[in-house]
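Enquirer: Residues per chain are reported as follows:
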Amino acid sequence: MTPEISGFSFPNDVHVWWSLMIVMYPYITGFVAGAFIVTSLYHLFGRTEFKPVARLAMATSFAFLLVASLPLQLHLGHPERGINVMITPHFTSAMAGFGILYSGYLAILVLEVWFVWRHEIILRARRTRGVKRAFYATLALGTYDTGPRALEVDHRAITLLAGIGLPGACMLHGYVGFIFGAIKANPWWSTPLMPVIFLMSAAVSGIALLMVLYQVVSKLRARAPDQPCVSALARWLWFFLILTITLELLEIIVMAYERSESWLIISELLTTRLQFSYVTMQMIVGGLIPLILLAVVVLMNRYLHERVRNTLSTVAAFLCLLQVFSMRWNIVVGGQLMSKSLRGLRSHYDPEVFGREGILMAITLFAAPFVILWVFDRVLGIEEPEAAAAAAPPARGEATEEGSIHAA
Amino acid sequence: MEHARHVFRVALVLGAVVAAVMVTRGFLVPKSYGMYGPYRYDNVVEQMNVRLPLHRGAAACGECHDDQAKKRAAGGHKNVSCEICHGPLGLHVKEDGSVEAPPVDRSYLLCARCHRKIDGRPARFPQVVLEQHVSGPLEGHACLGCHDPHSPKP
Amino acid sequence: MAPTSTTSLPVLQPEPATPTPPEYGRRQFLADVMRLSGGALVFIAGGTVADALAAVAEKPRGEAYSWDEHLYAYLIDTSKCIGCGSCVRACAAENKVPDGFYRTWIERYVIGMEQTHVDSPNGGKDGFGPVQVGFTATKSFFVPKMCNHCRATPCVQVCPVGASYRTKDGVVMVDAERCIGCAYCVQACPFGSRFISPVTHTAEKCTWCYHRVTKGLKPACVEVCPTGTRQFGDLKREDDPVRLAIARDRVEVLQGHLLTEPQCYYLHLDKEVR
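Chains as they are written, first to last, in the working numbering: chain Z, 1 to 408; chain X, 1001 to 1154; chain L, 2001 to 2274.
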């Protein structure tokens, strides 16, 4: 239990209060923001190449948002009091905004999902009977208007909500960075770059996750992934990865060049305690390698065979997911390995396996959104009906488990 | 406008949810919250009465132990509170009036806490290099043989 | 490091014009913003505050003690500390501090021309033993540490639920009934004064023995300090020794560059102490 200390730490400064759960929290909200950025690229900025993943992206954002508050809740000393943040929010605290930002963004996203899937809900309400019909009718709020003018209203509402939702998603995640960046007591956290780095890496993780998801979903539906969409995802992933790595390097380069009083201990932290997770994972395996892979995909796009492009970009996306996780880990845990005495480091933090803040819980939290996505697909159908109808017939055989719901 | 009926319905649902949250919240705010600032004022009173003070000071000890108190007050340890060596008075005389024997540590280690010469102590403070001060092994009541802790002489 | 400007000198304010903590202004601003944006939230919050005022008007406020008449401060003269650890033991007993956690602790600095060794075995609770440093020490001293009860404290600023607060008499405390145990305040304290209690799972810290000082007693650590290293004072008393020392002597605070306005003042602090 008692950690090893090298140098001198303040005696209370040897505990990692912000556990694996606080690593998971920005990781999960990062997917929310990142996936929303992709869906906005289509809905808001007219990047039609993202059409094949636009609905998947929105459903992903929604699924991750539903679990986003759980890791926070789980790490509290008193999870049952978490609601206090809504009852008596203390607005000088960056954390107090969480309740409002989270619920506000949840409302926007639920509304947007509702408007996007409204047509589908009504179709299903008409198609089913009994309890199911009542369920879809309730979801449709009792109005069955699918005329062109109502759909036009929907379309305008979606654009408006996406317009509010994009800054909302960026704030929800930039704000996570702010929680760290505004702690003047901790020099490893305290930098105005922090919210920007969090936001950029959120875009990286969101796009990377969609890349992987899109490949998996295409496999499940036995359909070739749309190549313009894959290369567009790769291009944007590359762009955001370049920004992320640049900013992350900038942060420590400024610190080192300024010879700030904390650099001595931070450099020791990065090269000893965080050597694997920072140098190896965040910078090389998750940074440099996907940068090269994506550069190949983007710069040699014309010459690549479909399968090569799919493989390269999926591997790169997977490495990017590792990069972002390592980055969260290095920020959250790294900042607590270092004492505010700036004279001491504690030994590695090993999260428990079982228990409220353990590894199993983290895996469960990461898996939960995919279960939600699956339920979402069963209930509302993630793919656009016409897309499924167009592509379904030749592949009926393999697609039964996943895609049968669209067949009607 | 009739084609936007569903928009009004969803706005109505949203409004109802927000209102429900607001009303519930109103009931859950503690009574004394916000009286003097964004905190629960009742806690200030709770903190005042969190427990009875445990350390009561040398004067309180002297109410029963007059002779020791006088001796201490006249000697070199006049600034050394009884409770430093004997523990808090509140653990010796309990709230219910029962009395429990206080710790009496006769070991040289108790004396060494203050008077052993180590790095960090101000030079003018009386200190001894234990190994030079005592011939023979350091154990047991080494100090009390020569020094009276209630009125020590150098 | 030293508070050089006149503003950071804790000059006595006869009747503090703004007794409310600084964050209240921002809170008010936010409230105004929300009112402007037509937030029903403020309407309801306003209602509860009125209820609260009515509720407390009925009951007598905290016995004979009046927090308007005090403003506490603390003075530590590091040149007097002998590192006996009595204060740490007294604090642990008085406040039932869990083992391995410290509301106050003592650090030892052993300093040579090139190197510095710092230690604090068990927070100094068991006193200090001889130390072997691998260099020639030219000076050494003890530094007692504790919560600084900062006037502009980041720990209160970051508490998301209003469980941390600074009283009118200048004590920073935690409401263990409201605290959700998020540990944000622990992260925000630059001095390592806070911890999450393994017993209550809420943030815990030095209260300057609020249950003692409001009864006219000294904090336990001051009560047992044999050398006068630790002194507790009231800035609202003209002849208070701590007030006079802060007003006239060259006092320092820890990590002054962070502008938290600590209310623990130090005499004879060394540059190596952070």
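Worth double-checking, as some hints may not be accurate.
Unchecked claim - Only some residues are given here: those of chain Z computed to face chain X with a beta carbon under 8 Å: (1) Thr88; (2) His90; (3) Ala94; (4) Gly104; (5) Leu106; (6) Ile108; (7) Leu141; (8) Arg149; (9) Ala150; (10) Val153; (11) His155; (12) Arg309.
Stated by the list, open to error - Below 20 Å or equal to it, Euclidean Cα-Cα: the simulated SDA-like pairs (lysine to any residue) are: (13) X:Lys1153 with X:Gly1076; (14) L:Lys2096 with X:Phe1125; (15) L:Lys2271 with Z:Val315; (16) X:Lys1094 with X:Phe1125; (17) L:Lys2218 with X:Lys1153; (18) X:Lys1117 with L:Lys2218; (19) Z:Lys184 with L:Lys2096; (20) L:Lys2139 with L:Gly2100; (21) Z:Lys184 with L:Thr2138; (22) Z:Lys184 with L:Met2113; (23) X:Lys1071 with X:Gly1057; (24) L:Lys2218 with X:Phe1125; (25) Z:Lys219 with Z:Lys132; (26) Z:Lys132 with Z:Val315; (27) L:Lys2139 with L:Glu2272; (28) L:Lys2139 with X:Gly1076; (29) L:Lys2168 with L:Thr2227; (30) L:Lys2215 with X:Lys1071; (31) X:Lys1153 with L:Thr2227.
No lab work stands behind these hints: they were computed from the structure. Here a beta-carbon is modelled for each residue, glycine too, at the ideal position from N, C-alpha and C.
Enquirer: Now tell me if each hint is right for this structure.
Expert: Structure-based check of each hint:
1. Thr88: This hint holds: Z:Thr88 lies near chain X, its Cβ roughly 6 Å from the closest one there, short of 8 Å.
2. His90: holds, 5 Å
3. Ala94: Z:Ala94 check fails; min Cβ-Cβ to chain X is 15 Å, beyond 8 Å.
4. Gly104: violated, 10 Å
5. Leu106: The hint is violated - Z:Leu106 has no Cβ within 8 Å of chain X, the shortest such distance being about 11 Å.
6. Ile108: violated, 10 Å
7. Leu141: With a closest approach of 4 Å, the Z:Leu141 hint holds.
8. Arg149: Given a least distance of 4 Å, the restraint on Z:Arg149 holds.
9. Ala150: holds, 4 Å
10. Val153: holds, 5 Å
11. His155: violated, 12 Å
12. Arg309: violated, 41 Å
13. X:Lys1153 with X:Gly1076: holds, 7 Å
14. L:Lys2096 with X:Phe1125: Not satisfied, since the Cα-Cα distance of roughly 31 Å exceeds 20 Å.
15. L:Lys2271 with Z:Val315: Not satisfied, since the Cα-Cα distance of roughly 52 Å exceeds 20 Å.
16. X:Lys1094 with X:Phe1125: violated, 35 Å
17. L:Lys2218 with X:Lys1153: Answer violated: L:Lys2218 to X:Lys1153 is near 29 Å, above 20 Å.
18. X:Lys1117 with L:Lys2218: violated, 30 Å
19. Z:Lys184 with L:Lys2096: violated, 30 Å
20. L:Lys2139 with L:Gly2100: violated, 29 Å
21. Z:Lys184 with L:Thr2138: Distance ~33 Å between Z:Lys184 and L:Thr2138 Cα, so the pair is violated.
22. Z:Lys184 with L:Met2113: Violated. Z:Lys184 to L:Met2113 sits at ~30 Å, over the 20 Å cutoff.
23. X:Lys1071 with X:Gly1057: holds, 16 Å
24. L:Lys2218 with X:Phe1125: violated, 24 Å
25. Z:Lys219 with Z:Lys132: violated, 30 Å
26. Z:Lys132 with Z:Val315: violated, 41 Å
27. L:Lys2139 with L:Glu2272: OK: L:Lys2139 and L:Glu2272 at ~11 Å, within 20 Å.
28. L:Lys2139 with X:Gly1076: Status violated; Cα separation ~27 Å.
29. L:Lys2168 with L:Thr2227: This hinted pair is violated, its Cα atoms lying about 30 Å apart.
30. L:Lys2215 with X:Lys1071: Not satisfied, since the Cα-Cα distance of roughly 28 Å exceeds 20 Å.
31. X:Lys1153 with L:Thr2227: holds, 17 Å
Checked against the numbered hints given earlier, the structure breaks hints 3, 4, 5, 6, 11, 12, 14, 15, 16, 17, 18, 19, 20, 21, 22, 24, 25, 26, 28, 29 and 30 and satisfies all the rest.
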